[in-house]
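Peer 1: Based on the provided sequences and hints, a complete structural model is requested.
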Amino acid sequence: MLTIPEQVVASSADDNRSVRERAATPKKLLFTVSDDPNMFNGLRFLCRFFQNKNRFDLTLLCMASPDSTYCRWRAGKDQPDPAAEHPGMDSNWRLAREEAMRMLQWDGFHADRIQIKSTSSMICRIEDIEEEIGSEAHDAVVMGRRGLNRLKDFTSKSLSRRLFERQPEIPMILCRKPDLNRRNVLLCVDGSESAYDMSRFVASMLEGESHLVTLCNITKDTADERDKSVAIFNRCEEIMVKEGFDSARLRHMIYPSDYAPRAILDNANWGKFAVVAVGTTSNARKNLLFGSVSSFLFTELTDSVLWVHP
558 MLTIPEQVVA SSADDNRSVR ERAATPKKLL FTVSDDPNMF NGLRFLCRFF
608 QNKNRFDLTL LCMASPDSTY CRWRAGKDQP DPAAEHPGMD SNWRLAREEA
658 MRMLQWDGFH ADRIQIKSTS SMICRIEDIE EEIGSEAHDA VVMGRRGLNR
708 LKDFTSKSLS RRLFERQPEI PMILCRKPDL NRRNVLLCVD GSESAYDMSR
758 FVASMLEGES HLVTLCNITK DTADERDKSV AIFNRCEEIM VKEGFDSARL
808 RHMIYPSDYA PRAILDNANW GKFAVVAVGT TSNARKNLLF GSVSSFLFTE
858 LTDSVLWVHP
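In this note's numbering, the protein residues as written are 558 to 867.
Treat each hint with caution, since some may be false.
What the hints assert, rightly or not - Straight-line alpha carbon distances no greater than 35 Å define the calculated DSBU-like cross-link-like pairs of lysine-lysine that follow:
#1 Lys584 x Lys610
#2 Lys777 x Lys585
#3 Lys777 x Lys734
#4 Lys829 x Lys585
Stated by the list, open to error - Here are the computed distance ranges between Cβ atoms for each label pair:
#5 Pro813 x Met658: 46 to 54 Å
#6 Glu782 x Met658: 47 to 55 Å
#7 Arg605 x Lys585: 15 to 23 Å
#8 Glu857 x Gly765: 46 to 54 Å
#9 Asn609 x Glu693: 17 to 25 Å
#10 Ala805 x Arg605: 17 to 25 Å
#11 Val787 x Arg659: 23 to 31 Å
#12 Arg740 x Arg670: 35 to 43 Å
#13 Pro813 x Arg659: 42 to 50 Å
#14 Asp778 x Asn738: 28 to 36 Å
Read the hints as simulated data drawn from the structure, not as lab findings.
Think of the CB as a built atom: it goes at the ideal place given N, C-alpha and C, for glycine as much as any other residue.
Peer 2: And the structure:
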């Protein structure tokens, strides 16, 4: 592994003061929440990873089990049933909703900044999330284990293209089975616009937090490539500092490898990063996980949470 010295972006005292005094920008997150509290991976990650909880507005959207009474009724597999026609009567979702609210409030989120979508919006298919995402602006969509189990079907269809036409910049936070004792972010950058967009997103999400961010460029071990890496790091740092991120919390890593997906996965495990953040190839929007890197990480990454920016 090759590293380069950290580049400190100089700024005036007035600039530093303005960054410190700037009010934290609220973040609106849409959560797909399982009707099984054992699958609250997205919520558990949010509670543990972020300390500055008063800057989040949360919208919870229930993703019901495919074999639930409600979903079977919606799919036309069962005869009409009062519990299905009125999903609020579903005891599993009612208990899960109560547990989600209890968990979030216990960890410091304000009840008046948590919106629970009406039970009539309960979703059974991953396709149903399109309407919810398109109905209002969100800064990111967070999916836990149940949502991820069905996301592969989502990526094989044209739905993701329609989704990005409505919300072309919305990132995904994918929480398969996170290790909640991990900290810090591995931000993988390659000089693409989506990587720079992810740098901006990471900086904005970490406003008021103490996590370190390692900028990682997977490249060939040549002098020319190292120079390109330095230029990429400088650009990312410039973007992040403008978002108020403290450059002292940035680390740089140049990692020689011919196969970026495996190199990223290995570094995520070795460094025990809580988050792996990647961009995607903007000119290949055929599905959500369009690049080989994000596709590989979607399948193989477990202990870290995957942040993907279109």
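Peer 1: Confirm or reject each hint.
Peer 2: Structure-based check of all given hints:
1. Lys584 x Lys610: 10 Å, holds
2. Lys777 x Lys585: Not satisfied, since the Cα-Cα distance of roughly 39 Å exceeds 35 Å.
3. Lys777 x Lys734: OK: Lys777 and Lys734 at ~32 Å, within 35 Å.
4. Lys829 x Lys585: Roughly 27 Å separates the two Cα atoms, so the pair holds.
5. Pro813 x Met658: 46 to 54 Å: The hinted range 46 to 54 Å holds for Pro813 and Met658, with Cβ atoms some 48 Å apart.
6. Glu782 x Met658: 47 to 55 Å: 50 Å, holds
7. Arg605 x Lys585: 15 to 23 Å: 20 Å, holds
8. Glu857 x Gly765: 46 to 54 Å: 31 Å, violated
9. Asn609 x Glu693: 17 to 25 Å: Check passed, 23 Å falls within 17 to 25 Å.
10. Ala805 x Arg605: 17 to 25 Å: 24 Å, holds
11. Val787 x Arg659: 23 to 31 Å: 48 Å, violated
12. Arg740 x Arg670: 35 to 43 Å: The hinted range 35 to 43 Å is violated for Arg740 and Arg670, with Cβ atoms some 25 Å apart.
13. Pro813 x Arg659: 42 to 50 Å: 48 Å, holds
14. Asp778 x Asn738: 28 to 36 Å: With a Cβ separation near 33 Å, Asp778 and Asn738 satisfy 28 to 36 Å, so the hint holds.
Hint compliance for this structure: hints 2, 8, 11 and 12 are not met, and every other hint is.
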